[in-house]
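> Sequence:
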Amino acid sequence: MRNAFSELRSEKYELRAAGIYFPYFIILIPYFIPMNYDPQKIEKKWQKKWTAEKVFEAKDDPPRRLEGRGSDLAPQASEKYYALVEFPYPSGAGMHMGHLRSYTAFDVLARKRRMEGYNVLFPMGWDAFGLPTENYAIKTGIPPQTATKQNTTNFRKQLQSLGYSFDWSREVNTTDPQYYKWTQWIFLQLFKAGLAYKARVNINWCPKDKIGLANEEVISGKCERCGTAVEQREKEQWMLKITAYADKLLEGLKEVEYLPEIKAQQENWIGRSEGAEIEFPLVIASLPASGGRSVAIQLIKVFTTRPDTISGATYLVLAPEHSIIEKIKLQIANYKEVQEYIAETKLKSDLDRSSEGKAKTGVELKGIKVINPATKEKIPVWIGDYVLVAYGTGAIMAVPQHDERDRAFAETFKLPIVDKPLISFDEALAITGGKKTVTYKLRDWVFSRQRYWGEPIPLINCAKCGWVAVPEKDLPVKLPKVEKYQPTDNGESPLSTMTKWVNTKCPQCKGPAKRETDTMPNWAGSSWYYMAYLLSPNAFKNPVSLATWNLELDKLSYWLPVDWYNGGMEHVTLHLLYSRFWNLFLYDQGLVPVKEPYQKRTAQGTILASDGAKMSKSVGNIVNPDDFVKEFGADALRLYILFIAPFNQAAAWDNHGVLGTARFLEKIWKIGIHVGTSEARVSTSDTKVVRLLHKTIKKVSEDIESMSFNTAVSAMMIFINQITNYKLQITNEDWQKFLKILSPFAPHITEELNSLLATRDSLLLCQQPWPSFDPSLIIEHTFDLIIQVNGRVRGTIQAQKGITQAEAIELALLQESIKKWVSGAPKKVIFVPDRLINLII
RNA sequence: GCUCUCGUGGCGGAACUGGCAUACGCGCGUGGCUUAGGACCACGUCCCGCAAGGGUUAGAGGUUCAAAUCCUCUCGAGAGCACCA
Numbered sequence: 001m002r003n004a005f006s007e008l009r010s011e012k013y014e015l016r017a018a019g020i021y022f023p024y025f026i027i028l029i030p031y032f033i034p035m036n037y038d039p040q041k042i043e044k045k046w047q048k049k050w051t052a053e054k055v056f057e058a059k060d061d062p063p064r065r066l067e068g069r070g071s072d073l074a075p076q077a078s079e080k081y082y083a084l085v086e087f088p089y090p091s092g093a094g095m096h097m098g099h100l101r102s103y104t105a106f107d108v109l110a111r112k113r114r115m116e117g118y119n120v121l122f123p124m125g126w127d128a129f130g131l132p133t134e135n136y137a138i139k140t141g142i143p144p145q146t147a148t149k150q151n152t153t154n155f156r157k158q159l160q161s162l163g164y165s166f167d168w169s170r171e172v173n174t175t176d177p178q179y180y181k182w183t184q185w186i187f188l189q190l191f192k193a194g195l196a197y198k199a200r201v202n203i204n205w206c207p208k209d210k211i212g213l214a215n216e217e218v219i220s221g222k223c224e225r226c227g228t229a230v231e232q233r234e235k236e237q238w239m240l241k242i243t244a245y246a247d248k249l250l251e252g253l254k255e256v257e258y259l260p261e262i263k264a265q266q267e268n269w270i271g272r273s274e275g276a277e278i279e280f281p282l283v284i285a286s287l288p289a290s291g292g293r294s295v296a297i298q299l300i301k302v303f304t305t306r307p308d309t310i311s312g313a314t315y316l317v318l319a320p321e322h323s324i325i326e327k328i329k330l331q332i333a334n335y336k337e338v339q340e341y342i343a344e345t346k347l348k349s350d351l352d353r354s355s356e357g358k359a360k361t362g363v364e365l366k367g368i369k370v371i372n373p374a375t376k377e378k379i380p381v382w383i384g385d386y387v388l389v390a391y392g393t394g395a396i397m398a399v400p401q402h403d404e405r406d407r408a409f410a411e412t413f414k415l416p417i418v419d420k421p422l423i424s425f426d427e428a429l430a431i432t433g434g435k436k437t438v439t440y441k442l443r444d445w446v447f448s449r450q451r452y453w454g455e456p457i458p459l460i461n462c463a464k465c466g467w468v469a470v471p472e473k474d475l476p477v478k479l480p481k482v483e484k485y486q487p488t489d490n491g492e493s494p495l496s497t498m499t500k501w502v503n504t505k506c507p508q509c510k511g512p513a514k515r516e517t518d519t520m521p522n523w524a525g526s527s528w529y530y531m532a533y534l535l536s537p538n539a540f541k542n543p544v545s546l547a548t549w550n551l552e553l554d555k556l557s558y559w560l561p562v563d564w565y566n567g568g569m570e571h572v573t574l575h576l577l578y579s580r581f582w583n584l585f586l587y588d589q590g591l592v593p594v595k596e597p598y599q600k601r602t603a604q605g606t607i608l609a610s611d612g613a614k615m616s617k618s619v620g621n622i623v624n625p626d627d628f629v630k631e632f633g634a635d636a637l638r639l640y641i642l643f644i645a646p647f648n649q650a651a652a653w654d655n656h657g658v659l660g661t662a663r664f665l666e667k668i669w670k671i672g673i674h675v676g677t678s679e680a681r682v683s684t685s686d687t688k689v690v691r692l693l694h695k696t697i698k699k700v701s702e703d704i705e706s707m708s709f710n711t712a713v714s715a716m717m718i719f720i721n722q723i724t725n726y727k728l729q730i731t732n733e734d735w736q737k738f739l740k741i742l743s744p745f746a747p748h749i750t751e752e753l754n755s756l757l758a759t760r761d762s763l764l765l766c767q768q769p770w771p772s773f774d775p776s777l778i779i780e781h782t783f784d785l786i787i788q789v790n791g792r793v794r795g796t797i798q799a800q801k802g803i804t805q806a807e808a809i810e811l812a813l814l815q816e817s818i819k820k821w822v823s824g825a826p827k828k829v830i831f832v833p834d835r836l837i838n839l840i841i
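Take the first sequence: its position 513, counting from 1, is numbered 513 in our numbering, and each next residue is one higher.
Worth flagging that the hints you see were computed from the coordinates, not collected in a lab.
The beta-carbon is built from N, C-alpha and C at its ideal position, and this holds for glycine as well.
Hints may be right or wrong, so weigh each one.
[Claimed, not checked] Below, computed lysine-lysine pairings styled on BS3-like, alpha-carbon distance capped at 27 Å:
(1) K464 / K500
(2) K241 / K441
(3) K329 / K378
(4) K600 / K698
[To be verified] Now the in silico label distances, taken between C-beta atoms and shown as ranges:
(5) H781 / D761: 27 to 37 Å
(6) D419 / V295: 29 to 39 Å
(7) N648 / G620: 22 to 32 Å
(8) L553 / D474: 16 to 26 Å
(9) A645 / S169: 28 to 38 Å
(10) K254 / G194: 42 to 52 Å
(11) G194 / L250: 44 to 54 Å
(12) H781 / S169: 44 to 54 Å
(13) I778 / T684: 15 to 25 Å
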């Protein structure tokens, strides 16, 4: 890209406008010819002004609207509007196109809402805990705190250069101890409510690096750093009982306006299914059944959604991890073989277990059988890794006749496939004594990380008292400074090496005790950040306590729920679910006034590289927003990212595309400079301009609401093209209306051009009311009547609106171009009022 | 494999409720601006045809006076879930 682009264009304009006709005036140019369109200059100028006048700061106690200031679209005085975009992880690479797309769209929304008279909150902050910063620290020794500071400074500068109307006075940072003291406090509420517990769970383990890996660090079953195959290893982890909220999380979806695909993903993730638990008695195979009187040594409970198929169940399959195996090992004839299979399974990662395609593996538990409670037949019992221990009861009744997977397994191991009649749900329960139950795919949330760069889990382990919460007055439990950021050889958090920090006193019995060294996952700080923006400075300054929190309830009540939340599609399962879970929990505790935190949720589509591939650092096809701001200005870049495609759709970036929106702004600049001069002032606009202006106001107003920014920009281009192409007259008042609707999209150029107008007052453009349109000016009195003969278009004529079918036929038949297609009276006529007439011959 | 979404010029895309397909922008072409040009201005730009006209929304069929839009199948792309009983 060249630097000369804008200079060249503007230079030419200046010569034409000023010099050509009156050469003597050239020396006077600096005096009354306004400057060229120089985005660099005007954008900084207005950004400074907005900041100085604090125009984007939301009021917790908003003043009443001035009388007569509102348009007819304006809401009641002091109505709030909370527009939220996902706060970024401030990576060293800076802002990317995904941020640009989301933030620009919501800046348009926020600016429009302010102009409509709402008290708007549009905040920004940093989700700054995370692996890249920690890995950077491991590599360079630079403390994550330092790197984060640099990165947020850079990121903030980038965001400000785009003219976003964020309320920077409310900026938050999840890694600030004054922030995470509240994250820790919320965790303690969960702990005290019995929703946090320790359990042994599988984690991804790299045997070479000897560390536990986050799922994000496992790339197709291999360690991201060294490429070694990842193993599963059991480790004690803190868990949050999100499953206790499965039904509430599902129910809550009915009350909110999420995009249908987002709702579907949440539902899918929770994965509720109704079915039955049925017990199968376990018997020794060698003993004769003798009329069903053989003695059951155990009962195996299975979960099924199809109890009606039970007569066709010809065998049972247990998950290899099923706890009953250990209990009945003496009865299993081939226990050694079974043990080997279990050991094999343990080594496999989840990915291995599913990536082996459809090939089913398993081992029969010889020496035992179960009795099918419906048929009373003895059927064999197998273990197989296609049955998951974590879902249902970890055991299934296999019905190869009705289930594809059971059929595959039966075919592999030559097990009987029988065609038995179905029975009703109720009948099946009656015969077998089964119980209706509900299961979920949703698993409890693994909340521990053996990492440095996260919130310390504020718990203390005492030999006498067990796990004890750190007292509120001692929060935050701050991250201590460490020498090395690496996890230890046995996979513990680097905090575990800080013996001084680890060894402490039990808050209850004052005896010697140890701190928890695990930290919280990334998702913790972002699970409540929409509330953090609402807290007063006191909440951050003062010690953490219920009383301090309760002082904030008024603000939470005023602002919540978030009216509209936007972010990436990649966060609509975990982050969205986790934060809804915390909110629901806090609601139950009386600590939050609303059940659902987000009233509406949308997601932007991905911006791809120009060849349609994903932008990625390793491929080197990343484009940097900074370059475009520098070259074409923030306004042109903002317009292009909105114009590129429908908001929720993936779109390929095109470097040339910005030229189009830059040219559009150039045209606007020329008109604006012209309209602003006293010679150009007219008392009325051309009728054509007025009509089109009102149509455009309507279109842009509606398109912003439906996130159709691309067509909104297109409508404004059409308006400008009409003025330029036909040299139409426009008054200062009408021009200002246009500048107003453009201002959320291109806030800098519009402020600048507005300042040239005779109609300007002391207010900034962005503080003025959103223009309303006059419906009477939009209604057309004529329309183009489409004339079809036998369904084919043969011509159009201008006609008065409201004409009858008879009039339309008469008009049509007068046309020379129609006459030649029609001979005699039409057999049939289809008439669509104010649109078309179709003559069937 | 299953579920969802989608397929329109050289490219990004527009088309309300089934009613003139290709708006707007990029790119490209021709000409102008007595130098140059990823600048600006004018005109042109789906295909066949001199024209009248005909064809065209991934492909094939269907419903309808009328289909990019509704239905069926095939092909292709993207996203999500991936053995959830």
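> Each of the hints needs a verdict: does it hold here or not?
Consistency of the hints with the structure:
Between K464 and K500 the CA atoms are separated by roughly 21 Å; this keeps the pair inside 27 Å, and the hint holds. For the hint linking K241 to K441, the alpha-carbon distance of about 13 Å falls within 27 Å, and the restraint holds. Simply put, K329 and K378 have alpha-carbon atoms about 19 Å apart, close enough for the 27 Å limit, and the pair holds. At most 27 Å may separate the alpha-carbon atoms for a hinted pair to count; K600 and K698 meet this at roughly 23 Å.
In this structure the hint that H781 and D761 lie 27 to 37 Å apart at CB holds, the actual value being about 36 Å. For D419 and V295, the hinted distance range of 29 to 39 Å is satisfied, since their beta carbons lie about 32 Å from each other. Here the CB-CB span from N648 to G620 is close to 28 Å, well matched to the stated 22 to 32 Å. The hinted window of 16 to 26 Å between L553 and D474 holds, with their beta carbons roughly 24 Å apart.
A hinted range of 28 to 38 Å for the beta carbons of A645 and S169 is consistent with their spacing of about 34 Å. Between K254 and G194 the beta carbon distance is about 27 Å. The supplied range of 42 to 52 Å is therefore violated. In this structure the supplied range 44 to 54 Å is violated for G194 paired with L250, their Cβ-Cβ distance being about 22 Å. Distance hint check for H781 and S169: the Cβ-Cβ separation is about 52 Å, which falls inside the suggested range of 44 to 54 Å.
For I778 and T684, the hinted distance range of 15 to 25 Å is satisfied, since their beta carbons lie about 18 Å from each other.
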